[in-house]
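J.: If you're matching them up, the sequences are chains P and Z in order. Residue 2 is where the first sequence starts when you use the working numbering, and the numbers rise one by one after that. Residue 8 is where the second sequence starts when you use the working numbering, and the numbers rise one by one after that.
Just so you know, these hints were derived from the structure itself, not from any lab. Just so you know, these numbers come straight off a predicted model, no measurement behind them. Worth double-checking, as some hints may not be accurate.
Said to hold, decoys possible - Covered by chain Z, per the in silico footprint, the following chain P stretches (three or more residues, Cβ under 8 Å):
hint, segment
1, 58-69
2, 84-91
3, 221-231
To be verified - The calculated label-pair distances, taken between Cβ atoms and stated as ranges, are:
hint, chain 1, residue 1, chain 2, residue 2, range
4, P, Pro-98, Z, Ser-641, 57 to 63 Å
5, Z, Ala-727, P, Pro-356, 30 to 36 Å
6, P, Glu-88, Z, Gly-542, 50 to 56 Å
All C-beta atoms in this analysis are idealised placements derived from N, C-alpha and C, irrespective of residue type, glycine included.
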Amino acid sequence: MNCNDAQFFALNAAARRAVTRRTFLHQSGGGIGLAALGGLLSGGSGPHARAAMLPGFPNYAPKAKRIIYLFQSGAPSQMDLFDPKPEMSAQRGKDLPESIRKGQRLTTMTSGQKSFPIAPSIFKFAQYGQSGAWFSEVMPHMSGIADEWCIVRSMHTEAINHDPAITFMQTGSQLAGRPSIGAWTAYGLGSENSDLPSYVVLTSFGTGRKGDQPLYDRLWSAGFLPAKYQGVKFRNKGEPVLYLNNPAGMDRALRRDSLDELGELNQHQHSHLGDPEIQNRIAQYELAFRMQASVPELTDFSNESGSVLASYGPEVRTPGTYAANCLLARRLAERDVRFIQLFHMGWDHHGGLPPAVRGQCSDTDQPTAALIKDLKQRGLLDDTLIVWGGEFGRTIYSQGAITETSYGRDHHPRCFTMLLAGAGLKKGLTYGATDEFCYNITENPVHVHDLNATIMHLMGVDHTRLTYRYQGRDFRLTDVHGNLVTGILA
Amino acid sequence: MPPSFLWFTAIVSLCAASHSFAAERVQFNKDVRPILSDTCFHCHGPDEKERKGGLRLDVRAEALKPAKSGATALVPGNPEKSEIITRILSKDSEEVMPPNKLHKNLTAAQKEILRNWVAQGAEYEGHWAFIKPVRIDPPLRTPNPIDGFLRAKLSEVGLTPSPEASRETLIRRVTLDLTGLPPTPAEVSAFVSDTQPDAYGRVVDRLLASPVYGEHMASPWLDLARYADSNGFQSDTSREMWHWREWLIGAFNRNLPFDQFTIEQLAGDMLPNSTKDQVLATGFNRNHRLNGEGGRIVEEWFAETVIDRVETTGLTWMALTFNCCRCHDHKYDPITQKEFYQLFSYFNSGEETGVLGEFGGSGSSKKGGNTQPVVFLPTEEEAAKLASLERDIKAAESQLATARKELPTLVAAWEKDFTAALGDASAMWTDPAVLEARSLGGATLSAQPDGSYLAGGKNPANDSYEITLRPKSGQFTGLQLEVFPDASLPSKSLGRSGGGNFVLTGVEIDIHAPGAGEPSAALLIRAEADYEQKGYEVAKIADGQTKPVNGKRAPDKKTGKVGWAIDGAEPAKKVPRKALFICAPIQLAEGTTLTVRLVHASNFGDHNLGRFRLRTSALPAEALSLKGAALSESLKTALQCDASKRSPMQRAEIEKFYIANTSNLVRQGETLLTDLRKNLKETTESQHSSMVMKEAAKPKPAFILVRGEYDKPAEEVPRALPAILPILPEGASNDRLGLAKWLVSGEHPLTARVWVNRTWERLFGTGIVKTTENFGSQAEWPSHPELLDWLATEFVRLKWDMKAMQRLLVTSEAYRQSSIISPEHMAKDPENRLLARMPRLRLSAETLRDQALAVSGLLVSKIGGPSVHPYMPEAVWDETSVYGNLRNYQADTGEGLYRRTLYTIWKRTSAPPSMLLFDSPSREICTVKRGRSNTPTQALALLNEVTYVEAARKLAEGMLLEGGASADTRVEWAFQKVLGRKPDAFELEKVASRLKARLEQFGANETAARQMIAIGNSKPVATLPSGELAAYTVTANVLLNLDETLSRP
């Protein structure tokens, strides 16, 4: 910045910020400014917004401006929710035939079992909407919007335990160290919002099985991408963003005053040293100041109408619940946050599955449906991609004994169901199929890499072109794999 | 081509891309290899499975052969006939190389390079990093040879080094770089006023000798070693590896040469006569995660563990990405999948499972949560206890041996009395005459035909039954109590409670000898029962025979329970029960009567006996048994046999019976020894420990794993080193120790270069090889290849002396120059690869916090020890997990809040948030390089996190107490503290005027002032007015957030 200091400081604070920003953004041509700004800052909706993206990105017109990814951690049971297998009631308690299992490896939780007794779902299924999509009785709200969903019954993955499986979903690798899908998006597409991060993570505990599955920072980390692309986790306890609040005794005016002083001193230092990183620092402190206002405004539901609040269910008033996070997701979407990811824990049902599934559905069914209806009503669903699902499926055979009212299911990587909705997708579609044991895919398999490639595609990104050079190699989210699932695209 | 020539030709401008290549000799390694490697080798390189069209381009001889298509890729000297040139220049989207779908289109300049290269003969060179560095003298003579290399290159682009930085800048720079802490104002002023020519050198020596040097060096090594205090994965339970961290700090401080440093960490356990310290050092390769997830498959995670070691060792010492080869041959480097598993075989023969083991597991952190093999590291107290236990065990063993020797004598003496007593009695139990049986509480006790008594009528609370017996004269040794179910009793059970249970709390026996006055009491010494309800064991009745107080016996202190019960309410438990009560033998005169009182003094008032029978015995106590025959037939035979004629088996049987059934020295010795050994085991296991490597006696076989999958083993592979790298040094064993020695033999082309480059990156911001994490074919061409090699050879020449090398770097002219950026710099070398100035670097996460603690005076200097718990926002560990024992974070209250940041407890799945914000890795895997990002969330942390606000307040206290009387002098004092320099007039005016305004604001708002100064665990100085202190705190908060403060100058 070659701005004359005297002139600069003669400006009022707001104008000064504008100058700083503008100069700063201009410098980005030199490869220092914007690269350093990264996922957290762009020029709002103005001409600078696109500058935060990688050159050439998006690769083509995006169908989805943003994504709300409703991750159901622990792995929901597909045959109890979306993939009915009525034939199984005749097989109740019989051993799963080896011709179906085909020697597949099992987790050590059931590999020692003497038998693999088939446990048909206890729940009633029916068809809903014009599309006639199947839903289990425990999802009265999600089935109520049956024609919005694109149901993929033929997902499959490679991992068999939670930690590697959820890491695989999020980063395209079972092992730690790779960037998460949200970080990739922030890196490639930048931000549409000047006051909020481009990748926001919200977490909640489930009532179905308290505490399962634990989450890890790695799931939203930037991996080997610069740290600025990591997901900013809004907290389910305490202040919504770490260190957001000023110290007690310091009001906003005093913070403004202290930042003005800081800016002046930094500017003075810059005039001596000429280091553009100092300008960047000033800009980051100003963005922090704006976040201090925008985040509380974002998390304050007092201007939501009673009917909207009611539609999300009673828990919406309790911060940190799935319901509250769904409403927060809508508010983030309205503010053009690009990647909003909810993680709801509690889906790992090795035993006592029926009551646990009921608990999880009572947490998630109504708010999920309310979110989609709310987005639709506001005209946001057309350019928002919704994803609902977990890290793998569950076994048709019971872990432990089957009783009249209970059974459990182990991890199953060979097939599971995910739900998508919104931007660029066929509505009311059920895609892919599984065999009568819900064990193997019989039609249109969709690998995790394929799903991620398709998500990126809908965001306007060719997954083979979004690469980052690390250890001398061009890495990408889908490794060297992944095919677009064209059958689900509108 | 000799390597020296290789470097010589490499000395060309970095900006070569703008020059015309037609006139210059194209150089393969610098110009051509990066293009081929990045765009061609993937399909035409080392990996045979990926190879397209039968064309291999990374080996010249192969590239000169006709491919499957018949065309020849390379015709040296003839670009027009070379298919490679035809294809890269093709306009046909089907023909053009690289294929469009790869999105790796060549630039015009790159095409030109390849064309010229072919025209000039298409010569190849081996990859520079795989060739041993060759030392050549610097092109210019300078006091520090480093500058000779740098100046030569600068002059090529018309740049000169910047002038030396100010003394204040210089001492702050070098102090932060070598110790991670800022200089004190006294250190700054001493250096500024030191006019001796060696003043700077002495500062460097002081810093290298200071113990905080080792702490600072340890931090980046912890990233490489993926050090943490938790096991990682799902539950992420705690582990204890801080002793290894302490070893590491110590190793840096005593300047352990890097070769030894390497050998001890990779194979210290295999050194001949290895010390405990050398074994502890091998924790380096036990710092990886360990999976404890419920459904984990052990073989899978064992393989991952070993693969992690190959990856970590490869990255740390060689900057090679071996991990690419776990599934297939390397795409870029000449390393095969087979060679990967050959390296794997050096690391797979430990005595371990590869998963979270017996000490760990969810929730329990016994033995620190570590997994075998471990080395135990007792505290002084534990060591003393262990030594004393071992002494006691020795003593007990010898006492027992003595007692065993005396056994025949003891047995002989006992046997006489025993057989005599046995001889008198024909049966074990006899029925005495019952003179009277009554209930003291008013129940009825009616005699039954089998000699038992049945209680009936009212069931008074806490009843006692008194039965008067007249046994035969002679010896009396014990009483048998039989209890029977009865149809008349509740639930047809044995007791009188609603459920049919009883709780017997006392058996008292009064002996009335004829003619004697007061009766005497028999002393119960043992009680046994054939069934005991849990917590209601019969032995308690014989524990000293305390009488009930106020009708109740005192319950057991541990369990709160009292007396003997038999689960009488359970359907399956309504069967006859027996108990026996043995007392010290008494001789009964003719006509003696016994009054036996059965007491029910528990809290369960109605739990009285229902139907019972009493019998007495005259046999010796050791012959009494619940089972009936206490003495086996063989024992009886042995006893009857003459002592001299007994077989060894018979003697042993008698001795065994004696030991088990009498009070004797052998039994006492055995009991003592058992207790001591148990104590020793528990104490051993509760000691501090650290996980280490331990080589199994026999190497485990290793196999190529198809696609890297543990359950798809293919060909078995022996231990062997990659063919592209040197062979084992002479005399080295072909094992993990040999591998470590191979790395630091001085012949290895990578080890010294990698260390030197990483150190260069730390001090100068960017490595000479920018890709610090990769020296393979995809590495960036070094900015100063000759300098890199000179430094690498110098490191070996100096016997791997890490301090000496750093001294060399920081005393260079380049390191000491100013960091002011001129337009010329930006124009000619925007990335500053040529170092015409020093780069300013944002401080690391650790140094930022350490600096704030240090300048405010909060820092607690203490080297080593367990991890500490500084401030952390509420529930960071708990918002995403309710697993494992690392939950409910409790911040320390004392010095743990103010220790250096490298001691902060590290949970991998939820690493310290203020660290992650500043680019620190999660420590789940080996990480070579940290970014230096600049984000708003960092600003929030530095402005608002408790540590920084508390540090600001402490700094403000210093300003008020030590900074003189005026605002100006106080601001000056603070600048000296934080930045090591005085403020200039502009700064002083700005800061002082804002401060003045804030003094007024806080003066008018006492509440706000009090709130602000109350932040943090340390108490504000009571004598300072709160408004004043608050205003100064805000100013200090600004100073701690200056870009200058956050940067290495």
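J.: Now, for every hint given, state plainly whether the structure supports it.
T.: Results for each hint:
no. : hint                                 : result
1   : 58-69                                : violated (count 0)
2   : 84-91                                : violated (count 0)
3   : 221-231                              : holds (count 5)
4   : Pro-98/P with Ser-641/Z: 57 to 63 Å  : holds, 59 Å
5   : Ala-727/Z with Pro-356/P: 30 to 36 Å : violated, 57 Å
6   : Glu-88/P with Gly-542/Z: 50 to 56 Å  : holds, 53 Å
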